[in-house]
Amino acid sequence: MSCCGSGAMAPNTIETIATAPFDGQKPGTSGLRKSVGVFQQPHYSENFIQSGLTAGLGDKLKGASLAVGGDGRFFCKEAAQLIIKIAAANGVSKVVIGQNGILSTPACSHIIRKRQLCGGFILTASHNPGGPKGDFGIKYNIENGGPAPEAITNEIYEISKSISEYKIVPNLKVDLEKLGTYKYKICGSEFTVEVIDSTADYVEFMKTIFDFTTIKKYLQSQKVLFNAMSGVTGPYLRKIFVEEMGLSHDCCLNCDPLPDFGGKHPDPNLTYAKDLVDIMEEGKHDFAAAFDGDGDRNMILGHKAFFVTPCDSLAVLAANLDCIPYFKENGVKGFARSMPTSEAVDKVAQLAGKECYQVPTGWKFFGNLMDAGKINLCGEESFGTGSDHIREKDGIWAALAWLSVLANSGKSVKDLLFDHWTVYGRNFFTRYDYENVSSDAGDKMMELLTKLIEDPKTKSMTFSDPTGKSYKMSHLDNFEYKDPIDGSISKNQGIRFLFEDGSRIIYRLSGTGSSGATIRIYVEGYEKYANPQFYYQDAQEVLKPLVTIALRTSKLKELTGREEPTVIT
Numbered sequence: 001m002s003c004c005g006s007g008a009m010a011p012n013t014i015e016t017i018a019t020a021p022f023d024g025q026k027p028g029t030s031g032l033r034k035s036v037g038v039f040q041q042p043h044y045s046e047n048f049i050q051s052g053l054t055a056g057l058g059d060k061l062k063g064a065s066l067a068v069g070g071d072g073r074f075f076c077k078e079a080a081q082l083i084i085k086i087a088a089a090n091g092v093s094k095v096v097i098g099q100n101g102i103l104s105t106p107a108c109s110h111i112i113r114k115r116q117l118c119g120g121f122i123l124t125a126s127h128n129p130g131g132p133k134g135d136f137g138i139k140y141n142i143e144n145g146g147p148a149p150e151a152i153t154n155e156i157y158e159i160s161k162s163i164s165e166y167k168i169v170p171n172l173k174v175d176l177e178k179l180g181t182y183k184y185k186i187c188g189s190e191f192t193v194e195v196i197d198s199t200a201d202y203v204e205f206m207k208t209i210f211d212f213t214t215i216k217k218y219l220q221s222q223k224v225l226f227n228a229m230s231g232v233t234g235p236y237l238r239k240i241f242v243e244e245m246g247l248s249h250d251c252c253l254n255c256d257p258l259p260d261f262g263g264k265h266p267d268p269n270l271t272y273a274k275d276l277v278d279i280m281e282e283g284k285h286d287f288a289a290a291f292d293g294d295g296d297r298n299m300i301l302g303h304k305a306f307f308v309t310p311c312d313s314l315a316v317l318a319a320n321l322d323c324i325p326y327f328k329e330n331g332v333k334g335f336a337r338s339m340p341t342s343e344a345v346d347k348v349a350q351l352a353g354k355e356c357y358q359v360p361t362g363w364k365f366f367g368n369l370m371d372a373g374k375i376n377l378c379g380e381e382s383f384g385t386g387s388d389h390i391r392e393k394d395g396i397w398a399a400l401a402w403l404s405v406l407a408n409s410g411k412s413v414k415d416l417l418f419d420h421w422t423v424y425g426r427n428f429f430t431r432y433d434y435e436n437v438s439s440d441a442g443d444k445m446m447e448l449l450t451k452l453i454e455d456p457k458t459k460s461m462t463f464s465d466p467t468g469k470s471y472k473m474s475h476l477d478n479f480e481y482k483d484p485i486d487g488s489i490s491k492n493q494g495i496r497f498l499f500e501d502g503s504r505i506i507y508r509l510s511g512t513g514s515s516g517a518t519i520r521i522y523v524e525g526y527e528k529y530a531n532p533q534f535y536y537q538d539a540q541e542v543l544k545p546l547v548t549i550a551l552r553t554s555k556l557k558e559l560t561g562r563e564e565p566t567v568i569t
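For reference, each letter of the sequence shown is one residue, going 1 to 569 in UniProt numbering.
I should point out that these hints are in silico values taken from the structure, not numbers from a laboratory. Where a beta carbon is used, it is the ideal one built from N, C-alpha and C, also for glycine. Do not take every clue at face value.
[Claimed, not checked] Distance windows between CB atoms, simulated: (1) Q116 <-> R552: 48 to 58 angstroms; (2) L270 <-> D440: 22 to 32 angstroms; (3) I485 <-> D59: 20 to 30 angstroms; (4) E435 <-> Q116: 36 to 46 angstroms; (5) T192 <-> E282: 24 to 34 angstroms; (6) G28 <-> E281: 28 to 38 angstroms; (7) G410 <-> T208: 20 to 30 angstroms; (8) K223 <-> E190: 45 to 55 angstroms; (9) K457 <-> S164: 47 to 57 angstroms; (10) I453 <-> G180: 51 to 61 angstroms; (11) E190 <-> Q116: 13 to 23 angstroms; (12) G468 <-> F418: 26 to 36 angstroms.
[Claimed, not checked] Computed cross-link-like contacts, DSS-like style, restricted to lysine-lysine with a CA-CA straight-line distance of at most 25 angstroms: (13) K207 <-> K183; (14) K274 <-> K414; (15) K216 <-> K284.
Please model the entire structure based on the sequences and the hints provided.
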């Protein structure tokens, strides 16, 4: 079946292509992620794009307007062209896309909101490796600029299981290298593609949130580094810190977006951003930040590579929002964190008399709270921090927020943390990641833990480590969340062991990998010391007894064969 039309460059024909479902096109916490080779299979990407359009827009599909952007990883350009062709065939009226198909995830969220678009596709596997043998991902965002909620991702999956055809304009191709507006006639209807500057809208938006003059003045006396990890943030960093702030180009590292991220893992943590850590350990710089492939995650370092955990980063920002113009003008109503994230921000909320919500992992759960005006700041322990300025986490925003706090306080990163702990106490926190374990091993571990939490005897247990330190259980469950706005329920979000002294052990299988399973174990212990010097203790040493209990209880080593985690945060 086909329908002919004429376009600006060449005749365009809508074709209906017969297809068959692929197994496993179920979006995770941040879209569908698989290896590049999987997405390159004939009809595979087309099926998922068609399912996303149908589920995401429903009867609003015809005449809809969409944003499209990606992190520049391998297969982004080809996928962007596919989305344009399929959108045109389905009656979408306009696609707004970044030059060369590039838009950071935060920038894409902003553009959807600013231009009041119906939604958009973000082409990224976030912090996963790229390249021909790496990972790719497609995520559908809704009209508020945030990731699609579970009701829509579940519908995408259901459609993908029975899809028998998709529509496409196979001959339609847009020059994504040139800025401009391109108009086509598709079966009598006008279809527009607007290729925009990838950084302009976002940078102008940041100027309305932060006091760039104050930050610029502060930076004149500081030595700073920003590591884009060869991901999408490079052009944004150069635009803000070199062109706007007047810093030298050498403050921006790895700022050319590469399809394979330079062969490295674009995940801003102490393991994968070790090149930045090594430079900071030399003691020649005062502040550094690293960002992941699509620009929504961040890592903050101080002098001599003083590491700020994402949990502490969220709490410190929560306690100092009054130095940021955006919050001075709009006020602060509340905070939220993902369930595995430490309770450090809870302490800030309690002292400030504000609400602090606990949601499942996945940024989409913050969207309803933001839209309802319940929260203004939120974060995840997985290096994600953001506010209600958009509906995604935002790495560069977090770095600018930190620079605003540092400029306002006149303190170093380390002194700022020390003073914060003195007031609120310290939530010692660590996360152990076991990447690419077999799915079977991951499932068996969770089954074992499920039996434990269902056993009445466990609820009254006291756990002890080999040194004799003991922790008495106060509550255990598999975290379930009822959305206070729409009443939706999310079950099986992570097994929690909560102890009477405020310590916690959390177990989860991550939904961000492209194959196998990633087991994550989160360990937290809260301390309020009379002697402030104790706050400088190493978190791994303080938490060693709890880590021992966590590993022994889960039988992780026996079930997975792993002696050590892939990454320790």
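request  = Hint by hint, work out which the structure violates, then give me just those numbers in ascending order.
outcome  = 5 and 13
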